[in-house]
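Student: Protein chains in written order, with this note's numbering: chain B, 1 to 376; chain L, 1 to 376.
Don't take each hint at face value.
For chains that are exact copies, the list does not tell them apart, and a pair is met inside one copy or across any two.
Stated by the list, open to error - SDA-like mimics (lysine to any residue), calculated; alpha carbons at most 25 Å apart, straight line:
{"hint": "1", "residue 1": "Lys49", "residue 2": "Ala358"}
{"hint": "2", "residue 1": "Lys39", "residue 2": "Glu339"}
{"hint": "3", "residue 1": "Lys49", "residue 2": "Ala340"}
{"hint": "4", "residue 1": "Lys39", "residue 2": "Ala27"}
Derived from the structure by calculation, the hints contain no laboratory data.
Listed here are the chains, written in short residue letters.
Number of protein chains: 2
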Amino acid sequence: MTGEDPRRLARAYLLRVAEPPAPALAAFVAEHGALAAAKLVREADCPPKVRDETRARHDVILVEHDFAKATAAGARLVTPEDSEWPAWPLLSLSVAGDRGVAGMAPPLALWVRGPARLDKAVEAAVAIVGARAATGYGEHTAAEFAYGLASRGVPVFSGSAYGIDGAAHRGALASEGITVAVLGCGLDAGYPAGHVALQHRIAARGAVISEYPPGTTPARHRFLVRNRLIAALTEGTVVVEAGLRSGARNTAATAGALGKVVMAVPGQLGSAMSAGCHELIREAHATLVTSVADVIDATGKFGLARPEEARPTRRTDGLEPSAMRVHEALVAKGGKSAEALATESGVPLARVRAVLPALEMDGLAERCESGWRRAA
Amino acid sequence: MTGEDPRRLARAYLLRVAEPPAPALAAFVAEHGALAAAKLVREADCPPKVRDETRARHDVILVEHDFAKATAAGARLVTPEDSEWPAWPLLSLSVAGDRGVAGMAPPLALWVRGPARLDKAVEAAVAIVGARAATGYGEHTAAEFAYGLASRGVPVFSGSAYGIDGAAHRGALASEGITVAVLGCGLDAGYPAGHVALQHRIAARGAVISEYPPGTTPARHRFLVRNRLIAALTEGTVVVEAGLRSGARNTAATAGALGKVVMAVPGQLGSAMSAGCHELIREAHATLVTSVADVIDATGKFGLARPEEARPTRRTDGLEPSAMRVHEALVAKGGKSAEALATESGVPLARVRAVLPALEMDGLAERCESGWRRAA
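Chain B extracted, bound-state conformation (with noise of 0.2 Å):
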């Protein structure tokens, strides 16, 4: 009835029978392959911790609905088979989950929307996430970290949320960069209902992308489990704001449990939407980050210089310290002796003798009637 491949329609099922993640199910492909895998599900011929995972929908077909909604939805399929399957970045969750970290199964498929490779589009990517319920303050300052790292070709990641992950995709898609947004429901699930419109235009230039099979609803267990794969398929992840509790926060904490660079933005101390933030830096959990420069920093992987920061200076600022307190002596009007400077920095006279020529000489210093005195 359709003309996929076989072991794409088995994919498709695997992404159907179980709840991500489902650690032992993912485990059960990589031994068997696709195919054999699906077809032993389906009979139900597999082991308890498999069974437990796809038990309550093995024998759900909607395999092929699930190809004509997508189709629909011009989204394609991409599986580990496909040449631009991000194996590389989600390794990290397989090797997370041998590690013990609970949930960190690694996506048997993903629906995609958008002309992106999702090979290419992982390339040294940064998540930028935070909360719904960002303030104007948060949203600036996410998509200004978004166009400044899209610009310079970092693609953004971000969950397609309201407040914080909408600006950052906003950003990103107004430097004419790549962004892609990861769902937690199918990708025709129009949610949020508000940002239809800005998935549509991120599905234009980056990539829509879901584990979730067409016509899935949102559920905040899956905003969680998603938030994996935006922090496993990044360099690192920034948190422009998040309050206390926040999914944001668990998105760091995931990032952290992979091993990639934990990034927050610092508030004010009263704003409750940058409290998370603050908790995450002083526990160490994340670095604070200021600017596109320190994310690159701290990231440390893109290549790019680190934009020459400006810094203040004065003029006396090369003066070792025994010329600099003879400086400080002086007065601009009414000259002083060389003896007095002496006795009023603490500088030895002989010393103060050789400092007023070379202050002289800087231009810190001039000759008058009654001595030296600071020049104008």
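Given chain B, work out where chain L should sit, using these hints.
Tutor: Okay, now just chain L, sitting in the frame of chain B:
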């Protein structure tokens, strides 16, 4: 002419004869005692390094003048021979000096105005420092922190400058706690002019202290030298606001070199006055603090319980993952069968049947004609 103890006269002379910090002189005094050291310095009968430090002023005899001016200003001299000498915290300066940190000599004595005993005033004290050109946010934060600390019995040290320093002193005074101003000029210098009245208020309850003899004019290098005393006399230093170049950052660096706790307050990215704090935090020179409780935690020496912070909670917080998933699959309007819930949540049917009554008991689910729905 004066009834002062000869050793105290010697200490006053030693304070005047060298511009602090004077590490060679400090070591010389430690070796010979103040009386003998003063005599040898006056006769220029001392090692070359001590001569270098004292040559410019060794014949200046102003000691009686100093005591007269100090008495007129309501000040007294506190020396290492006095029981209130804060020997223990100042030891950090000797240790750092011995380790080769430049400029870390202890003071040879201190001029003190105010009723506070120095040994008591330094107990578990905290320094609050920052930019003179502070913002309203910074001054508010400094005052709030100082108020909170001083009202818990933590003495608050600062430098009596405009901006953050002044706000910190005022906040501590408002709590009727102890605050100490450490000056980079003579106690009678009346500097800064706008804080003369503030210094009077500080001296009425706490202390205004300086190692500089009466009449010593303020100078930038003296503020930097003074900063080592603020750092040494306290358990930790909180930088509330600081530009990228700032004396407060110098105090923080000194506190770090002395093994003290360095803390910094975050602010918004656009504020130049928070840039120095952010850099301290980013480079791990300072711990981010957002509250008095954080300061107490970071210094960890006050024997004070950290105030409990309220954390937002949800009714579903205690649920284990499968119960959470079943709960997410429930809807408020229109019931669902256990079978439908199993399919939707991916939780095995037997488990769904066990979870639903538990959710009902928690008031999170309720039975209805068509199955189960989310409780109102």
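Student: Now look at each hint and say whether the structure bears it out.
Tutor: Outcome of the hint check:
no., hint, in the structure
1, Lys49 / Ala358, "between (81 Å within a copy, 23 Å between copies)"
2, Lys39 / Glu339, "between (98 Å within a copy, 23 Å between copies)"
3, Lys49 / Ala340, "between (88 Å within a copy, 21 Å between copies)"
4, Lys39 / Ala27, "within (15 Å within a copy, 85 Å between copies)"
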